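Visitor: Respectively, the protein sequence lines represent chains A and B. Residue numbering for the first sequence follows my numbering, starting at 1 and increasing by one per position. Residue numbering for the second sequence follows my numbering, starting at 1001 and increasing by one per position.
For the record, the hints were derived by calculation from the structure and aren't laboratory data. What you are looking at is a predicted structure, and each value in this text was computed from that prediction instead of being measured. Incorrect hints may appear among the rest.
What the hints assert, rightly or not - A few chain B residues facing chain A, derived, Cβ under 7 Å:
1. Tyr-1098
2. Gln-1133
3. Arg-1135
4. Ser-1197
Think of the CB as a built atom: it goes at the ideal place given N, C-alpha and C, for glycine as much as any other residue.
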Amino acid sequence: MLDTITRYEGRDAVGIDGADEPPVLPCDARGLCFEAGGELLIDHVDLKLGSGAVTVIMGPNGAGKTILVRLLHGMLEPSAGEILWGGRTLCEETRKRQAMVFQTPVLLRRSVEANIAFALRLHGENGHARCMQTLEEAGLADKARQPARLLSGGERQRLAIARALAADPEVLFLDEATASLDPGSVLAIEETVLSARDRGVKIIFITHDIGQARRLGDDIVFMHQGRIVERAPASEFFEHPASRAARDYLAGRIVL
Amino acid sequence: MQDFGQAFSLAFHLLWTADADLMEIIGLSLRVSLIAMAVSCAIALPIGAALGMSRFRGRGALIILLNAMMGLPPVVVGLCVYLMLSRAGPFGWLGLLYTPTAMIIAQSILITPIIAALSRQVIEDLHGEYAEQFRSMCVPVRTAIATLLWDARYSLLTVALAGFGRAVAEVGAVIIVGGNIDHLTRVMTTAIALETSKGDLALALALGMVLLLIALVINAGVMALRMTATRYSYA
Ligand SMILES: Nc1ncnc2c1ncn2[C@@H]1O[C@H](COP(=O)(O)OP(=O)(O)OP(=O)(O)O)[C@@H](O)[C@H]1O
Ligand SMILES: [Mg+2]
Chain A
1 MLDTITRYEG RDAVGIDGAD EPPVLPCDAR GLCFEAGGEL LIDHVDLKLG SGAVTVIMGP
61 NGAGKTILVR LLHGMLEPSA GEILWGGRTL CEETRKRQAM VFQTPVLLRR SVEANIAFAL
121 RLHGENGHAR CMQTLEEAGL ADKARQPARL LSGGERQRLA IARALAADPE VLFLDEATAS
181 LDPGSVLAIE ETVLSARDRG VKIIFITHDI GQARRLGDDI VFMHQGRIVE RAPASEFFEH
241 PASRAARDYL AGRIVL
Chain B
1001 MQDFGQAFSL AFHLLWTADA DLMEIIGLSL RVSLIAMAVS CAIALPIGAA LGMSRFRGRG
1061 ALIILLNAMM GLPPVVVGLC VYLMLSRAGP FGWLGLLYTP TAMIIAQSIL ITPIIAALSR
1121 QVIEDLHGEY AEQFRSMCVP VRTAIATLLW DARYSLLTVA LAGFGRAVAE VGAVIIVGGN
1181 IDHLTRVMTT AIALETSKGD LALALALGMV LLLIALVINA GVMALRMTAT RYSYA
């Protein structure tokens, strides 16, 4: 089992300002369970996430990837087990330093710029210049005044990611953030994600795209039926998948 | 028929010359109902937002009650306000009976449930859309409420206009608590109700036309708001 990957040194020991903020990472989930409708949807999962690096979560539909990530981010309460971020149970302070991009992004019924401004203001930042800089980086500067809900699917996704990054998070969850995007948009988003990683942001990326997992992933978490059946560095996972489920998945067979 | 034609031309004359009495009545009507709308919004929007955003036991019952209160009979509201404000009533010492304030109170009671119930639906829908994102971003409750109210402003404005429309066209409550006193509490609806029976058809007709016009303007306004909001995809 591979617990810490140190290829990319994140900002681990101290917070971003070097202030007395306790560290967010590592994340340590133990015996995590989630039950709904009498079914155990997450079944005793143990997972450690070190700082830096991109962790890609893969697995067939219904494996529990979305639920796991929601549990880690504190969107759902586990029915058993505990999650520690930086050695402490998940609290508001920690959650504020994380961001999540949903598969179908929810944008405010406002202009593109106002969507970014909203996220910035939550973190006590203000200013048109900062907004425009963020939009510039996302390639959306020329659409700043347009209503966010009129953007195309790919542009919405880019805006959602830009908004998530605007808050300068230390952990970024992306749930199939590039599903249904054209190849160019996919690459643009991947670039954004990689440059965030290079700044030391911990990325947890759910995807079904094997090529993308190879391009982005430093390590792969493979889930099946609510359990983590495999965790390995990307190269190892793709060369020699250890479990039958992962082999089937990678070969494009229905995973049973 | 002679009467009728005469009344019509007289009504137009009153409107055309902006007859002082007519204008006074229209002015008071608008003032009373606009203030009632503002008061109701101040009370009903927070209630609507709170109900639309929260989950608690008894919420369903509260919503049913609120929806039922949308159909409060104006005369009953008028009667209740009358009892409260009459000299023998608990608020008799305020001396508000037969004043515009009494009419504002009655109309506010009448339309507060309407605005609360309709805005509850609006806020609940938008909250359903935003809730996950807000939770992920750790948006404080106050910010969340403000954001929902602001982003739903077009829909909420149409809700407020619906309340105003109901208030300005209502007669049962204001006639009881206002009394249709000339130059003091005479509004469009009470004037129509009472002047018709007294035979002053011209004034009644002129006021009737103004009321229709107001209804028309309100509906056009609602329509224009909806179209703007949809066009810019803000609603
Ligand atoms: N609230 C819930 N109540 C009952 N079952 C649920 C609930 N939420 C999710 N599930 C079920 O849990 C399972 C895992 O869901 P999850 O969304 O985590 O899958 P996933 O791995 O993200 O799949 P996909 O690749 O299709 O997105 C699914 O079978 C789903 O139907
Ligand atoms: Mg999913």
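Visitor: Have a go at the Tyr-1098 (chain B) hint: is there a Cβ in chain A nearer than 7 Å to its own Cβ?
Guide: violated (46 Å)
Visitor: Tell me if Ser-1197 (chain B) is really an interface residue toward chain A, meaning its C-beta lies closer than 7 Å to one of theirs.
Guide: With Cβ-Cβ at 50 Å, over 7 Å, it is violated.
Visitor: Answer holds if the nearest beta-carbon of chain A is closer than 7 Å to that of Gln-1133 (chain B); otherwise answer violated.
Guide: Check passed: Cβ of Gln-1133 (chain B) comes within 4 Å of chain A, closer than 7 Å.
Visitor: Holds or violated: the hint that Arg-1135 (chain B) contacts chain A, with Cβ atoms closer than 7 Å.
Guide: OK, holds: Arg-1135 (chain B) within 7 Å of chain A, min 6 Å.
Hint compliance for this structure: hints 1 and 4 are broken, all remaining hints hold.
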